[in-house]
Amino acid sequence: MKKYSAQISVALVCCILGFMIAYQFRILNKQSNIQNTTLSSTDLTVEIEQLRKQKDELQKNINDLQSKIKVYEDSAANRTEESQTLLKDLENSRMLTGVTDVQGQGVILYLSPNTTGLGNDLTSDRITDKHLVYVVNELLAAGAEAISINDIRLTPRTGIRNAGNYILVNEERVSPLNRITIKAIGDKNLLISALAFPGVLSDFNSVATYKYEKSDNIIISKNKYNKSMKFDFAKSFKQ
Amino acid sequence: MIAVIGLLIGVVIGIFWNINIPDKFSPYMSVAILACLDSVFGALRALLSKNFRADVFISGFFGNAVLAAGLAYLGDKLNVPVYLAAVIVFGGRIFDNFAIIRRQMLERAKSHNEVVK
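So the protein sequences, as listed, match chains A and B. Residues in the first sequence are numbered consecutively from 837, following the working numbering. Residues in the second sequence are numbered consecutively from 491, following the working numbering.
Don't take each hint at face value.
To be verified - Listed below are the simulated SDA-like cross-link pairs for lysine to any residue, each with C-alpha atoms no more than 25 angstroms apart in a straight line:
#, chain 1, residue 1, chain 2, residue 2
1, A, Lys966, A, Ile1028
2, A, Lys896, A, Asp910
3, A, Lys866, B, Lys540
4, B, Lys514, A, Gln843
5, A, Lys1066, B, Lys567
6, B, Lys540, A, Thr878
7, A, Lys866, B, Ile499
8, A, Lys866, B, Leu527
9, B, Lys514, A, Gln860
10, A, Lys891, A, Gly1035
11, B, Lys540, A, Gly979
12, B, Lys514, A, Phe855
13, B, Lys514, A, Asn1001
14, B, Lys540, B, Gly582
15, A, Lys1024, A, Gly1035
16, B, Lys567, A, Asp910
17, B, Lys514, A, Leu864
18, B, Lys514, A, Asn1006
19, B, Lys514, A, Lys966
20, B, Lys540, A, Gln860
21, B, Lys540, A, Leu864
22, B, Lys514, A, Ile863
23, A, Lys866, B, Glu604
24, B, Lys540, A, Ala847
25, A, Lys1071, A, Thr916
26, A, Lys1050, A, Asn1001
27, A, Lys866, B, Gly582
In case anyone wonders, no lab produced these hints; they're calculated from the structure. Computed from a predicted structure; not experimentally measured.
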């Protein structure tokens, strides 16, 4: 009997040991698999550099083509009245989609992040995508016609979201640790009253100091981000 | 024999049962495994020298594992690599135990041969 129970106990303990070893092996395998899939940082830097170069070249191409279009448009517009109104329409929709520079009265809002002397590592104390979305929403509700964040023009298709240590706006990076400038063109009195309304900017008290001012001449440059504004899925529909 | 069967069952469970122990426990697990291995080798030695006691074995197995994992954890918190102590002690003991097991096995094989002759 004693021998029997001893053998059972040995079996049980070996079972636990086997389980632990197998589990540990599985974990370590998983970890090494993860390591294999990530490229080394030097490879990534080279790739980024190449892509950046490519992007610059393509940007140059785009600029050339756009100036060509401009020439064609001008020559077409000179012909008839009709084409002139067409051009006006075109200009209007371009302003809407943010492919032309716009200028007008409005407000400028500066957000300076609070930094402690020890460096601010807590992500909870940072300006986040939600803060920016909130401000943009307030400005739009107050009738802003064009908005830019750090000179990145917002379009109807702009997304604002956190990505690592940055906030991506139109897939350009905005650092939450530097001063963020938000410009909005619209009725400057309406916009300023929207920002000055009690409680509107209270969310920023813990993360940043803010300052806003009216201006009669704000220039919001065109969208540098040339994602084509075509519709792949949405089609116009008449009932 | 029964120990090998138990071990196999454990391995099968470990591979196919999708239990999740948090990754941060992984280093402590390794130290605990070493402690368990030490206990098992100790048990084998005791079995061969016929002074095996189940209670000693079980308490040693769990006690060593918990102590080793606990020490490793404490070492992490204190920023002292205490797990090295566990690795050295248990590693040394595993080799010691194995040496004794080997000797006894050889002894046994020899005496067996003599009896056959």
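Tested hints:
1. A distance of roughly 21 angstroms separates the Cα atoms of A:Lys966 and A:Ile1028; the hinted pair therefore holds under the 25 angstroms criterion.
2. For the hint pairing A:Lys896 with A:Asp910, the CA-to-CA distance comes to about 21 angstroms; that is within 25 angstroms, so the pair holds.
3. Restraint check: the Cα-Cα separation between A:Lys866 and B:Lys540 comes to about 42 angstroms, which exceeds 25 angstroms; the hinted pair is violated.
4. Using a Cα cut-off of 25 angstroms, the hinted pair B:Lys514 and A:Gln843 is violated, with the two alpha carbons roughly 34 angstroms apart.
5. In summary, the hint linking A:Lys1066 to B:Lys567 is not supported, as the alpha carbons are separated by about 56 angstroms, beyond the 25 angstroms threshold.
6. Proximity of B:Lys540 to A:Thr878 is assessed by CA-CA distance (about 61 angstroms); at most 25 angstroms being required, the pair is judged violated.
7. For the hint linking A:Lys866 to B:Ile499, the alpha-carbon distance of about 22 angstroms falls within 25 angstroms, and the restraint holds.
8. Proximity of A:Lys866 to B:Leu527 is assessed by CA-CA distance (about 23 angstroms); at most 25 angstroms being required, the pair is judged to hold.
9. The straight-line distance between the Cα atoms of B:Lys514 and A:Gln860 is roughly 12 angstroms, inside the 25 angstroms bound, and the hint therefore holds.
10. Our distance criterion of 25 angstroms between C-alpha atoms is broken by A:Lys891 and A:Gly1035, whose separation comes to about 42 angstroms.
11. Of the supplied pair hints, the one linking B:Lys540 and A:Gly979 is violated, its CA atoms being roughly 90 angstroms apart against a limit of 25 angstroms.
12. Our distance criterion of 25 angstroms between C-alpha atoms is met by B:Lys514 and A:Phe855, whose separation comes to about 18 angstroms.
13. At roughly 24 angstroms between alpha-carbon atoms, B:Lys514 and A:Asn1001 fall within 25 angstroms of each other, so this suggested pair holds.
14. Taking the CA atoms of B:Lys540 and B:Gly582, the gap is near 22 angstroms; set against the 25 angstroms cutoff, the hint holds.
15. Simply put, A:Lys1024 and A:Gly1035 have alpha-carbon atoms about 19 angstroms apart, close enough for the 25 angstroms limit, and the pair holds.
16. Taking the CA atoms of B:Lys567 and A:Asp910, the gap is near 73 angstroms; set against the 25 angstroms cutoff, the hint is violated.
17. A C-alpha spacing of about 12 angstroms is found between B:Lys514 and A:Leu864, which places the hinted pair at or below 25 angstroms, so the restraint holds.
18. For the given pair, B:Lys514 sits about 37 angstroms from A:Asn1006 by alpha-carbon distance, which is inconsistent with the 25 angstroms threshold.
19. Between the alpha carbons of B:Lys514 and A:Lys966 the distance comes to roughly 31 angstroms, so the proposed pair goes past 25 angstroms and is violated.
20. The suggested pairing of B:Lys540 with A:Gln860 is violated, with an alpha-carbon distance near 32 angstroms, which exceeds 25 angstroms.
21. About 38 angstroms separates the Cα atoms of B:Lys540 and A:Leu864, which puts this hinted pair outside 25 angstroms; it is violated.
22. A distance of roughly 11 angstroms separates the Cα atoms of B:Lys514 and A:Ile863; the hinted pair therefore holds under the 25 angstroms criterion.
23. Restraint check for A:Lys866 and B:Glu604: the C-alpha separation of about 52 angstroms exceeds 25 angstroms, so the hint is violated.
24. A distance of roughly 18 angstroms separates the Cα atoms of B:Lys540 and A:Ala847; the hinted pair therefore holds under the 25 angstroms criterion.
25. Of the pairs offered as hints, the one joining A:Lys1071 and A:Thr916 is violated, with about 31 angstroms between alpha carbons and a cut-off of 25 angstroms exceeded.
26. Taken as a hint, the A:Lys1050 and A:Asn1001 pair is broken in the structure, with Cα atoms around 31 angstroms apart against an allowance of 25 angstroms.
27. Taking the CA atoms of A:Lys866 and B:Gly582, the gap is about 30 angstroms. The hint is violated against a cut of 25 angstroms.
Checked against the numbered hints listed earlier, the structure breaks hints 3, 4, 5, 6, 10, 11, 16, 18, 19, 20, 21, 23, 25, 26, 27; every other hint is satisfied.
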